[in-house]
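Once you have looked at the hints, place chain B on chain A.
Protein chains in written order, with the numbering used here: chain A, 1 to 378; chain B, 1001 to 1344.
Source of the hints: derived by calculation from the structure; they are not laboratory data.
Just so you know, these numbers come straight off a predicted model, no measurement behind them.
Each hint should be verified, as a subset may be incorrect.
[Said to hold, decoys possible] No farther apart than 20 Å at their CA atoms in a straight line, the calculated lysine to aspartate or glutamate pairs in the EDC-like style are these:
1) Lys229(A) / Glu1184(B)
2) Lys330(A) / Asp99(A)
3) Lys252(A) / Glu1184(B)
4) Lys330(A) / Glu105(A)
5) Lys232(A) / Glu1188(B)
6) Lys179(A) / Glu144(A)
7) Lys338(A) / Asp122(A)
8) Lys227(A) / Glu1188(B)
9) Lys229(A) / Glu1188(B)
10) Lys293(A) / Asp1058(B)
11) Lys75(A) / Asp19(A)
12) Lys227(A) / Glu1184(B)
13) Lys330(A) / Asp122(A)
14) Lys40(A) / Asp245(A)
15) Lys252(A) / Glu1175(B)
16) Lys229(A) / Glu255(A)
17) Lys232(A) / Asp208(A)
18) Lys40(A) / Glu1175(B)
19) Lys293(A) / Glu1175(B)
20) Lys116(A) / Glu103(A)
[What the hints assert, rightly or not] Interface residues of chain A toward chain B, partial, derived using beta-carbon atoms under 7 Å:
21) Thr29
22) Ala33
23) Ser34
24) Ala160
25) Glu186
26) Arg187
27) Gly191
28) Thr193
29) Ser194
30) Gly197
31) Gln198
32) Leu200
33) Lys201
34) Leu221
C-beta: ideal position from N, C-alpha, C; glycine also.
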Amino acid sequence: MGGLLAVLGWALAAGVQADINVGVTLSATGPAASLGIPEKNTIALLPATIAGQKVNYIVLDDASDTTTAVKNARKLIAEDKVDVIIGSTTTPNSLAMIDVVAEAETPMISMAAGAKIIEPMDAKRAWVFKTPQNDAQMATAIVEHMTNNNVRTVAYIGFADAYGEGWWNEFSKIAEVRKIQIVANERFNRGDTSVTGQVLKIIAAKPDAVLIGGAGTPAALPQKSLKEKGYKGIIYQTHGVANADFLRVCGKDCEGTFLPAGPVLVAAQLPDSNPIKKAALEYLGKYEAVHGKGSVSTFGAHAWDATKLLVSAVPEALRKAQPGTPEFRKALRDALEKTRNLTATHGVFNMSPQDHLGFDQRARVMVRIDGGTWKLVQ
Amino acid sequence: MNLQIALLLGQDGVTSGAIYALLALALVLVFAVTRVIFIPQGEFVAFGALTLAGLQADRLPGTIWLLLALGTAIALVEGGAALRQRRYRRIPLILLVNCAAPLLLAGALVAVSPAGLPLPIQVLLALMLVVPLGPMIYRLVYQPVAEVSVLALLIVSVAVHVTLIGLGLFFFGAEGSRTPAFTEVSFEFGEAVLQGQTILVVVASLVLIIALYFFFERTLYGKALRATAMNRTGARLMGISGQLAGMLSFTLAAAIGAFSGILISPITTIYYDSGFLIGLKGFVGAIIGGLASYPVAAAGAVLVGLLESYSSFWASAFKEVIVFTLILPVLLWRSLTTRHPEEG
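Bound conformation, chain B alone:
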């Protein structure tokens, strides 16, 4: 191994580490606010990337059907509740948000051919298709069981994960897709070539992390989320709705996931099931942060990326083993150094 190879591996590790870091942050956020270990986080990566690829291939992405179906289901649930409570004036709004908006989006996609649109618009469309799935899944699946134990929520997560994987295969097929690079720029260092896309991934991740920081520090909604994470009952007594906090955290998680997918799909081929492994590596990062600390989780995720990259050079057959074994010393260390209050 010479310096050039070491640098290239380092660059590769930081690039994947940046994506893992984003996912680790999303996992910590969702867990802190709702106590849900969000296993389907990775599915949003795959859905985001494949929806964009579908748009670029001028196919109507399957995610639109999921959006319509979930929207209709929520409209039925909420509409039914409004009818029982005789709050008829809420019904138009429910229908507008859950049925009309997705229908409008579907209509727009059918009307204009998305393949001809400029890339930023395609990205925006893909995000509009995938991100609402986050809060919708929360509303339908998690909100009715929001008060059950962490273990039960984990089991629900596994169910959601398996369902989404199956739907992914149905929507996008077994084969993977790549999207064209956002930028063709590349820099040369001696013999090594640095792709513009990898720099873009790192920069975009950093920007997103900084934006998240300001969101939590400076905005009312961000503070509401932090308050809920610290003390759910206390926050509710202060008038912060647990439902709103849950919806918001799932929206953020879905947005981060879908955006990560769109970022990396020009670098690697994404399959309907690739999200799980990417999410799992983000989860290792989140575990290093104890599912509580954002900076440690992000640093842990970058460590995972670097470890992965260097081990792929030295012992490619054992790469995954090395990465996931990292969790053992971390868990040991955490269980020795922290106290665990019993969780209900």
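The following block holds chain A by itself, in its conformation from the complex:
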């Protein structure tokens, strides 16, 4: 025992640098699993060392459950003494974790879209960053596309949860400013087996276009029903559907659908002058090498971008303090906030004390579903 203590004491005295511990909590099971699984797969591809320091990733599953996400955050901080937390997958989970990380003064990088995670900026949110585009950015892209295509009336059908509600709030606000009239506002549940009622009501209102505010394959149901009941107008989806499974389930009923998405979705079609192309293709190459061609989704790329932020911020933080100390966490937070012109798979980060996302319009493109694939709309 004495010998062991002596060795330990020697190790500490010699100033052996501690590893960087990165805690990850994501929704690999439960309703958000289709987002959480590619994120989890991405974590396995992350670099094992940053700036010469060994990095330990501690990955926990929060089952898309808010309480579990908070429990995971507490566990990561208290037991694993992490220097930074990546997570969680969904907006409600990320919102719930803010209090925990702020109290422990640990920086957190969320992979959820909701703008509320980083706005309005306050003392607690000072510790919180996020990598996915805000819904508002995506909604603006849709409304812009609508105005350019002479859409005057729109119907909205979205999830009866935070996702659908968030999109409704953003979209209705922007549409009103741009003088687009919203003629129907309907909700459906992710697990619904039929949306006939909602679809009939929408068709009766005769809108020029329909926006479906859903994520993943469930968003295919309203679209299939609309086509089945003979709707002929333009259909918009949100970036939540940007994975291969959606195309598989929706099939020919999704031809001609428009959606805004992160540029990573159509990386190969981006012009070579776009710096994002290289970053996105690097991630795509790594992911598809392990999981097969066509397996990549935009959600995993958010996890990749979170590490990009870390890779750029850690060296500066290391100059100020040792990993595992409160000083290091503080320095890491400060360094994250100073991120400038960092090209990632979804856009270019330019953080500021007021903006903990830092994306501009380069972070979104309009995409059309054409022949069962994503086509960049120029």
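Same frame as chain A, but now just chain B:
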């Protein structure tokens, strides 16, 4: 709302109501015979649909591993019991039924590519993969605790449900699947289109309900199940094995569940966890029938389907709230009108 919309909504409601009715019947059956509130009923819907989708995508469905694992577990349990009782001659049969049969099925699936087979054969294969899970789960999970209280059985059901959901995610992944329609026929009424598949769902459900009626009225096994439901001890004294009745009711429940899943998977996308909500709506129907009356349960389930359909038109955000609130007046009415003998 005009007449055309009302008719379309009605048609939609009856279609989902028909599926809920089948599940409600299965729930009533299982409860009456074994006192188990079979929460995992919905999982069989998802397993049936997703197994069929897997076969059509030329993937080996994960359910085959579950079948093999459960079969092996049962063979161990039963084989061990036979060894202790020195009834060695039973062992070959146990191995044949629980290990050899699933292995043979797995071998057949690997040998021929199921995606190229005609649809009826694919459906049959999917049923062969999923339906045996019902009696196997009964044998392994419920039979050893068959005599405990209803509440304890309910807790066991919750455990089975959670396990099956987890396995579903593992087997089929987080994303849903659809299967191609059995029939592309459609009829036009003015501007409205009636899909052949929705008619098929209603007709198939009706046929199944009538078949169940004849099974219970005319066959020896059906009568044995009814006898067990009425009086378990009395039935046992008459030589009806409680185990056999339990196995049989779980087989029927699994078959009804898997078949419902196969029926609706061309109409809607099925996820590994969609079964629960579908089963829950069947359960509301079964509650309306007091978990005892088959006709009332079926009618209640159709009512649930209609209510769901019309409320999705009028107040889509509150659809589930409206459907599940239906249970409150029903429970109130039932508790005021019926006496409850204490259940042990």
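Here's how the hints hold up against the structure:
1. Lys229(A) / Glu1184(B): holds (15 Å)
2. Lys330(A) / Asp99(A): Answer holds: Lys330(A) to Asp99(A) is near 16 Å, not above 20 Å.
3. Lys252(A) / Glu1184(B): holds (15 Å)
4. Lys330(A) / Glu105(A): OK: Lys330(A) and Glu105(A) at ~7 Å, within 20 Å.
5. Lys232(A) / Glu1188(B): holds (18 Å)
6. Lys179(A) / Glu144(A): Status holds; Cα separation ~11 Å.
7. Lys338(A) / Asp122(A): OK: Lys338(A) and Asp122(A) at ~17 Å, within 20 Å.
8. Lys227(A) / Glu1188(B): With a Cα-Cα distance of about 15 Å, the restraint between Lys227(A) and Glu1188(B) holds, given a limit of 20 Å.
9. Lys229(A) / Glu1188(B): Holds: Lys229(A) and Glu1188(B) sit about 11 Å apart, inside 20 Å.
10. Lys293(A) / Asp1058(B): holds (18 Å)
11. Lys75(A) / Asp19(A): Satisfied, since the Cα-Cα distance of roughly 18 Å is no more than 20 Å.
12. Lys227(A) / Glu1184(B): holds (15 Å)
13. Lys330(A) / Asp122(A): holds (16 Å)
14. Lys40(A) / Asp245(A): Given pair Lys40(A), Asp245(A) holds - Cα atoms ~17 Å apart, limit 20 Å.
15. Lys252(A) / Glu1175(B): holds (18 Å)
16. Lys229(A) / Glu255(A): holds (16 Å)
17. Lys232(A) / Asp208(A): Measuring from Cα to Cα gives roughly 9 Å; hence the hint holds.
18. Lys40(A) / Glu1175(B): holds (16 Å)
19. Lys293(A) / Glu1175(B): Satisfied, since the Cα-Cα distance of roughly 18 Å is no more than 20 Å.
20. Lys116(A) / Glu103(A): holds (18 Å)
21. Thr29: Result: holds, 6 Å to nearest chain B Cβ.
22. Ala33: holds (3 Å)
23. Ser34: holds (4 Å)
24. Ala160: With Cβ-Cβ at 5 Å, under 7 Å, it holds.
25. Glu186: Hint on Glu186(A): holds, closest Cβ of chain B at ~5 Å, below 7 Å.
26. Arg187: holds (4 Å)
27. Gly191: holds (5 Å)
28. Thr193: Since the shortest Cβ distance to chain B is 4 Å, the answer is holds.
29. Ser194: holds (5 Å)
30. Gly197: Nearest chain B Cβ about 3 Å off; hint holds.
31. Gln198: Cβ of Gln198(A) sits 5 Å from chain B, so the hint holds.
32. Leu200: holds (5 Å)
33. Lys201: Hint holds; Lys201(A) Cβ to chain B Cβ min 6 Å, cut 7 Å.
34. Leu221: holds (6 Å)
Every hint from the earlier list agrees with this structure, and none is contradicted.
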